[in-house]
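Please put together the full structure from these sequences, using the hints given.
Top to bottom, those sequences are chains G and F. Quick note: the first sequence uses numbering that gives the first Met the number 0, first residue 0, plus one each step. Quick note: the second sequence uses numbering that gives the first Met the number 0, first residue 0, plus one each step.
The reader is advised that the hints may include incorrect statements.
As the list makes no split between identical chains, a pair holds if one copy fits it or if it spans any two.
DSSO-like, lysine-lysine: derived pairs with alpha carbons at most 27 Å apart [what the hints assert, rightly or not]:
1) Lys88 to Lys73
2) Lys233 to Lys70
3) Lys233 to Lys61
4) Lys299 to Lys61
The set of hints was computed from the structure by calculation and includes no laboratory data.
There are 2 protein chains.
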Amino acid sequence: MTNYILKDENAVYYECGFSCDNEIFMQFGSDRFFITDGRYSIEAKEKLRGIKIVESRDVIKKAAELLTEHKIKKLHYDPNDFTVAEFEKLKASKYTYFEPAPAFSQKKRIIKSNREIKLIKEAVRLGAEAFDQFAGHLRRYGLNQNEKRLVYECAAKMQNYGDFALSFEPIVAINENAAKPHALPTDTEVKIGSLILVDAGLKYERYCSDRTRVAEYSNSLTFDKKKQRFLSSKRQKVYDTVRKAQEKAIKAAKPGVKACDIDRAAREVIEKAGYGKYFVHSTGHGVGLDIHELPVISAKSETIIEENMIFTVEPGIYLPGEFGVRIEDMVRMAPTRAVVL
Amino acid sequence: MTNYILKDENAVYYECGFSCDNEIFMQFGSDRFFITDGRYSIEAKEKLRGIKIVESRDVIKKAAELLTEHKIKKLHYDPNDFTVAEFEKLKASKYTYFEPAPAFSQKKRIIKSNREIKLIKEAVRLGAEAFDQFAGHLRRYGLNQNEKRLVYECAAKMQNYGDFALSFEPIVAINENAAKPHALPTDTEVKIGSLILVDAGLKYERYCSDRTRVAEYSNSLTFDKKKQRFLSSKRQKVYDTVRKAQEKAIKAAKPGVKACDIDRAAREVIEKAGYGKYFVHSTGHGVGLDIHELPVISAKSETIIEENMIFTVEPGIYLPGEFGVRIEDMVRMAPTRAVVL
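As structure tokens, this is what we get:
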């Protein structure tokens, strides 16, 4: 059995169903340890069974001591999970060889369980509802509101007055700001006919949702991706191209194909329409406890797609100084096809 | 001149007045480099003068290449600023010895400039206004609202509908939940006479504010720390003790004293009142671009206090299963005394 150490909050939560903001989880054979400080140790003892709770002000120093005490010879760790300073402290353990295991937890989490699928579906359903709520806000109050205000309002809808956490800080980008895939909110205001890109999600029982929609502003604005009509033929062409690229990518997703084949399906549509160089990112990413998980759906990803992987399909076209369009949904890999959540 | 590398967003912002969420800053002698990806390089070029902007999809690999190209022999880095995986990549540079420099940037930032003091003062002023707004919300609508909802409402007041970012996720804790210094919000509801602890702050032009108040719920609730009256004599005694501890600590702060002397001043008051073992954290921390900066105001901190350091003074008493009280303000070290911001 592999001995391993985890520090990342979601990685630890996945192992034992509890985590806080200062902890180490270790497993040696059948022994499992949860090290945390006095702020959280009582709650950890209440919630965890079959795991030794160890209290310490310095959880990494304590981990090194436990490794020495148990004479552990080999331990897997994720080099992305520890800073150089933390790892130096950990290496004080006397007998341990530390075996680098990049993405150790994320690899374990790539196939979702039935329970996880249920939670993610609920996150997506609630996220879609929040998009509808936000569309309602835009129709009634959005005119002349700026991006900063709209990010705030969008986050409010996602959180539903405190019921849910955000998956990430929402993006609300108008016209040329939508041409930046990671736009920071500005004072740019919504006008009739503004193109608005919204990328947002929420967490339900710690599992993330993620969705992007684009719409042109009017008092009948909706985020239904099938109902978008644009005044300019260029916007309409770009939008329709992105939508077709998303459809093709979703159709290309089958158990057994490589992730890069899904990316290629989207990229081909966009290239054929003459916008190849304006699709500047990869087609998708896994979603679960982290907003970005495995598999990576990119031109270089050799990952074989399997049943019950959950990932985004989100092609985009970004025309600098003009506007950008991205359409993003999450899909679950079913036995024969990708099901949009 | 020291050669150094920085990755932390606030550390980089401090050097050059711009940062994004994927960047490396390096200085060799008089050469300065800002490495970022295509999403941010245009903005970086617009905003930065006298700094070479280098675009790369892999900013750390590119940093290693530049180190090799410039035959850099020695480079200071903060081992808290890089993961093991990142540092491995950086070490691909051929000629460089990496000198660990823990808290490299935070040490540079410990004394605040006049400009920084102005911005922090404004952050504190706006934060105090938001506390008043939140008190208004509580008086009008707070009865029977739960902690989760109140965290949301408190965050809304701090953000002022999108004008400001949060310094951190606010804490709103009722009765026994206030006995946990880092309480996570629950479904516990506010009732008449509930003790409510609120710890919150906002960022103004990237500089943080931080404040904690405790009040007993009524329809005349205020967060004025001088006006708190409690129904039970135990609550009143604990509150008055914490307030006196804060006053003594603020009086003890003078240029030339050690940080631990400030901590001791607070701790003595609480120990004398018989609550010594319920003051489970240190007395304060520096605040600036990061919410937690130097100096550390703790029992062990030998840091000599100097003019224009800015830090919190926040003693607390936490009675498990009952309630907790913490009172927190930010102070600036003036030539002869600490001035509450």
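Here's how the hints hold up against the structure:
no.: 1; hint: Lys88 to Lys73; in the structure: both (16 Å within a copy, 23 Å between copies)
no.: 2; hint: Lys233 to Lys70; in the structure: neither (67 Å within a copy, 50 Å between copies)
no.: 3; hint: Lys233 to Lys61; in the structure: neither (61 Å within a copy, 37 Å between copies)
no.: 4; hint: Lys299 to Lys61; in the structure: between (40 Å within a copy, 20 Å between copies)
The structure fails to meet hints 2 and 3 from the earlier list, while all remaining hints are met.
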